[in-house]
Amino acid sequence: MEKQMENGSDRVVLKVEKLRIHYATPQGDVIAVSDISFNLYEGETLGLVGESGCGKSTTAYGILQLVQPPGYIVNGSIEVDGTEVLNLSEEELRKFRWTGLSLIPQGAMNSLNPTMRVKDQIIDVIESHEGEKQSKEQLRDRIYGLFQNVGLPNRIYDMYPHELSGGMKQRVCIAMGVALNPTVVIADEATSALDVVVQRIVAQTLVKVKDEIGVSLIVIGHDMGLLAQIVDRIAVMYAGKMVEIAPVENIYAEPLHPYTRLLIDSIPSIKERKPLKITEGITHDPRNPPSGCIFRLRCPFAWEHCAEVEPAPIDADYKHEVACHLYDERFEERRANAFATFANP
Amino acid sequence: MPSPLLQIRDATKIYFSGGFLGDKKSVVALDNFNLTIDESPATITTIAGESGSGKTTLANLVLGFIKLTSGKIIFEGEDITDMTDEQLKTYRRNVQAVFQDPFGVYNPFYRIDHIFDLVNNHFSLSDNQSEYRDMVEAGLNVVGLYGEDVLRKYPHQLSGGQRQRIMMARAYMIKPRLIVADEPVSMVDASLRASILDAMLRLRDDHNISFLYITHDLSTAYQIGDQIYMLYQGTTAERGAAMDVIDAPQHPYVQLLIDSVPVPDPTDKWDVDISLPSEEEMRTAASEGCRYYPRCPHRMDKCLVAQPPLYKMDKAKHEAACYLYEENEVAPIEPPMLVNRPITEAAVASSAGRTRELLVAAALIVIAFVAGVLIAANREPEVVVETVTEEVIVVVTATPALEEPTAEPEPTAAESAIVVPDFTLSPEGAIAKGALTLNVDTVDEISEENERHSYTFAGKAGQEVTVKLVTGGAGLSGTGFFSPFGTVYGPDGQFVLALGDNPRRPGRSHREQLALPADGAYTVVIGPYERVGIEGYTIVFEGEEPAAPEIVVPDFTLSPEGAIAKGALTLNVDTVDEISEENERHSYTFAGKAGQEVTVKLVTGGAGLSGTGFFSPFGTVYGPDGQFVLALGDNPQRPGRSHREQLTLPADGAYTVVIGPYERVGIEGYTIVFEGEEPAAPAIVVPDFTLSPDGAIDKGALTLDVDAVNEIAEEGERHSYTFEAAAGQQVTVRLVTGGAGLSGTGFFSPFGTIWGPDGQFALALGDNPRRPGRSHREQLTFAQSGTYIVVVGPYERVGIEGYTLVIESADG
Chain A
98 MEKQMENGSD RVVLKVEKLR IHYATPQGDV IAVSDISFNL YEGETLGLVG ESGCGKSTTA
158 YGILQLVQPP GYIVNGSIEV DGTEVLNLSE EELRKFRWTG LSLIPQGAMN SLNPTMRVKD
218 QIIDVIESHE GEKQSKEQLR DRIYGLFQNV GLPNRIYDMY PHELSGGMKQ RVCIAMGVAL
278 NPTVVIADEA TSALDVVVQR IVAQTLVKVK DEIGVSLIVI GHDMGLLAQI VDRIAVMYAG
338 KMVEIAPVEN IYAEPLHPYT RLLIDSIPSI KERKPLKITE GITHDPRNPP SGCIFRLRCP
398 FAWEHCAEVE PAPIDADYKH EVACHLYDER FEERRANAFA TFANP
Chain B
32 MPSPLLQIRD ATKIYFSGGF LGDKKSVVAL DNFNLTIDES PATITTIAGE SGSGKTTLAN
92 LVLGFIKLTS GKIIFEGEDI TDMTDEQLKT YRRNVQAVFQ DPFGVYNPFY RIDHIFDLVN
152 NHFSLSDNQS EYRDMVEAGL NVVGLYGEDV LRKYPHQLSG GQRQRIMMAR AYMIKPRLIV
212 ADEPVSMVDA SLRASILDAM LRLRDDHNIS FLYITHDLST AYQIGDQIYM LYQGTTAERG
272 AAMDVIDAPQ HPYVQLLIDS VPVPDPTDKW DVDISLPSEE EMRTAASEGC RYYPRCPHRM
332 DKCLVAQPPL YKMDKAKHEA ACYLYEENEV APIEPPMLVN RPITEAAVAS SAGRTRELLV
392 AAALIVIAFV AGVLIAANRE PEVVVETVTE EVIVVVTATP ALEEPTAEPE PTAAESAIVV
452 PDFTLSPEGA IAKGALTLNV DTVDEISEEN ERHSYTFAGK AGQEVTVKLV TGGAGLSGTG
512 FFSPFGTVYG PDGQFVLALG DNPRRPGRSH REQLALPADG AYTVVIGPYE RVGIEGYTIV
572 FEGEEPAAPE IVVPDFTLSP EGAIAKGALT LNVDTVDEIS EENERHSYTF AGKAGQEVTV
632 KLVTGGAGLS GTGFFSPFGT VYGPDGQFVL ALGDNPQRPG RSHREQLTLP ADGAYTVVIG
692 PYERVGIEGY TIVFEGEEPA APAIVVPDFT LSPDGAIDKG ALTLDVDAVN EIAEEGERHS
752 YTFEAAAGQQ VTVRLVTGGA GLSGTGFFSP FGTIWGPDGQ FALALGDNPR RPGRSHREQL
812 TFAQSGTYIV VVGPYERVGI EGYTLVIESA DG
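Chains as they are written, first to last, in the numbering used here: chain A, 98 to 442; chain B, 32 to 843.
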């Protein structure tokens, strides 16, 4: 597979700032996404990872303005190519979806109309945004072009979804997601229901299409192996916070945040048998996050300072930020000691 | 030589699906499969493969949930298909299950300790309370848990990993010989999987419990598996030590599979793009030859002639079924056992009675030999091993080979376009029948509620019908994705129309012209889709020519996957009455009196989980104020037999029997008979609530009694109502929730909110924190004059199953 752009573009296509999403409950709000900020660069594939409940899907649905009550966006800014998504009216938003932002949903199997031919569904996407000005032939050629992008044969044009395999349906969804050349595509666990071989085909399709069409892509997932294969940068979320965002090579070679280290350590391998590393999940009440650092209750390196001050993102490298006090230059000595202990317990 | 714990011999399972008009299809899920698990030391045997490879079929066969089409499953020398009830009971004790979904196997009404109590009751582990408590604690400790942390909690209060480990602890207490674990980690976060795998290792090494580990996750198999069987379309493509097979796969399919496992190293990326052959090619695969032929990069003509046998590879006991290795020796049918670890002390200790086992083992070698000869002679061997006292009698007879069931090719695309609803509900979200006949020439609003059900109407061939759909919520309009929520089927079951949101205009009417293809009854099935953004619907059918009106009262309504729907059958509890023999989900009400003695008899079809110690709940009886009265489930001891419960009704009023929303293994229908001791006047009570999908909450009989009440919406998973109020006005809000909710746990199950005129928060609606199912009263003084909005849902709450909300003006 083609290697992604070495350095990538510096042009920001999606700028998320201080995005905060709550779920209202009578005892107080559950903080699903807590003031996260990040940039998505042109042509970039960004992986969004974290355990269940960490807010990664909520973030994606927030960006798409699809948060369902009792969830609501408390504050934040979501700019796509300079357009503030949160200021759009319902009508503008509907137009903006699929041209500015599009989604490849999680359950591709169930996102297609079972009684509509594949062609009609894709034609609907196109016509609902562009009007019915194109001839049948123009539409067909355009859809054939999309099929070619995602590696589908033209014969499925007249087929119904149930006649397609799971991998093909997922690729139809990819074709629909990119049909209107959106700026940003968000793929929500787009391959997680698939068998490993089909998953590989779909993942490769996704990256290939992204490169050909030149969109920027956010891939939400929990399979660190798969993300290593297809993304340029990874954003790690923990309990609603973004704890680290870094180029994929950095993350796997040298994870900085203690939680990222834990994630990388718990990837099962098929190359080497390792002792099992047992961890528990998020332990605090999501309505009452701990003071200071969100991860300190599970962090092997936490000290008093972590309970007092919430760590701000620190620039660790090019396009690499980490929210951990250990990387504050004031605590450099502590970091060296901590990691020495960790490496040789 | 170690003797076998489990032997699977020439196991074949063929599913016949009853097609429409006798159009039967058969699917070979497992094809002449062989497997051996040794008695000791305990091992973890992984069964891996893609979906459709037959791995779950194998698990269900070993657990006895389904029966083989041909072949044998022999456990400790006994063929499990011929077991008596008594033997089966012992078998179920020896072979335990751990399921994929750690939520699904817990009854949410009970705390964790109840699970262990049930185990004790079923398997009579100990009569002594303190001894029993020690056993529970020991079981929990084995899997790294402590009683004080988990026993008093409800299932939803534990993490997926903890729930799954409790399943392991529970299995451990029964001291089985084998645990069949079907994807035990696939629904648990990657970072929490290690705790479950660790529990499996401890059970294997310290307690000599073997595992049949069914998974599609090769990395966990690599980390903990001893031997592995790689299945492809019901056959073994490759088998051997897990590390040998995964380190150096030999079969082309297994090579592709291993190569496709993503490596968590961005510097080691996939270097080739792969593709699959066309669907046609896959379907025309010769049933005679190698099943992997259509996809194989090394395929040869001979691969089409016959299925390749397993050939021996370089590493001991590593075998692959591929003609590429034709020059190698053919492996014996008896699969090799792989022991890569020293025999542990526990394993040695448990191998008492070894003499007899050695005899059986010796006998089996003879059998394997004779069977091999017979197979060579195209004879189907029938082997009977009987153990009478200390003697081992081996009987080998031969019968002509069974005719190989010919697997018909999958239907082509054109044929399979016709989908025939059989109008019975299958547990996983299939279709149910309905009985409301609509007169298509009248404009009729069918439903404004978020239920899933079906209706029928009579149509004539060529009749023009206009279908107007109005959906609430924005749906996925404008995204290009479709939010389907129903389907219209024709008289012979063909697809006629999909009902969905207007793809262009959210919340607007969506009109479809329909020319009916035939005379007969058309069925409108709503559901079982779970859609983003659809919040209710109105369907209007307008016909061009009149059809005779025929109103039939719907006898139930279909719920979505696993949720509950209402029904309207009133039972007279003093008569014996067969309510239902079908696998539908619905509810009934009956009138009861306080103190009335009622006998409830349940007969369930299917084996259920009887004898496994698990409970297959499929329904609940609720009292007049919504409190939990009785759980309905299968007979824990005798599958398919009557199960009797004595019940003293706690109050006067209408009782509701709700069937569902459990999805249970093996329950295939039920009959419930209520017999009352004293007659109660039959009363028709219309259930006043309905449940929405997936545990979310639906509307109830909203009594809004504020000065001016204006109900604006009754739709959707989430709906809202408005009322006018004046600043300073006081009201009483009373809530009665069905289900136990989280009452008494200290947690709150919120399901709604009241918002003021400018959107400020006024009140949260939830269950009574102290008294489950009881009224919960709140005083509220309005801060402002204007329109207040009650928003209900779409919370998914544990245990809330409907509600009644009454808002009363305090001064009125």
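Hints are computed from structural coordinates only; laboratory data are not their basis.
Take these hints with a grain of salt, some might be off.
Unchecked claim - Computed Cβ-Cβ distance ranges for the label pairs, DEER-style:
#1 B:Asp304 with A:Lys371: 24 to 32 Å
#2 B:Pro363 with A:Asp382: 57 to 65 Å
#3 B:Thr112 with A:Leu394: 34 to 42 Å
#4 B:Lys98 with A:Asp362: 54 to 62 Å
#5 B:Thr763 with A:Asp412: 41 to 49 Å
Said to hold, decoys possible - Computed cross-link-like contacts, PhoX-like style, restricted to lysine-lysine with a CA-CA straight-line distance of at most 20 Å:
#6 B:Lys346 with A:Lys305
#7 A:Lys368 with B:Lys120
#8 B:Lys206 with A:Lys368
Even for Gly, the Cβ is constructed at its ideal location relative to N, Cα and C.
Verification of the supplied hints:
1. B:Asp304 with A:Lys371: 24 to 32 Å: Between B:Asp304 and A:Lys371, where Cβ atoms are some 30 Å apart, the hint holds.
2. B:Pro363 with A:Asp382: 57 to 65 Å: holds (59 Å)
3. B:Thr112 with A:Leu394: 34 to 42 Å: 53 Å Cβ-Cβ, so the 34 to 42 Å window is violated.
4. B:Lys98 with A:Asp362: 54 to 62 Å: violated (45 Å)
5. B:Thr763 with A:Asp412: 41 to 49 Å: With a Cβ separation near 57 Å, B:Thr763 and A:Asp412 fall outside 41 to 49 Å, so the hint is violated.
6. B:Lys346 with A:Lys305: Status violated; Cα separation ~39 Å.
7. A:Lys368 with B:Lys120: Not OK: A:Lys368 and B:Lys120 at ~42 Å, beyond 20 Å, violated.
8. B:Lys206 with A:Lys368: Violated, at roughly 34 Å.
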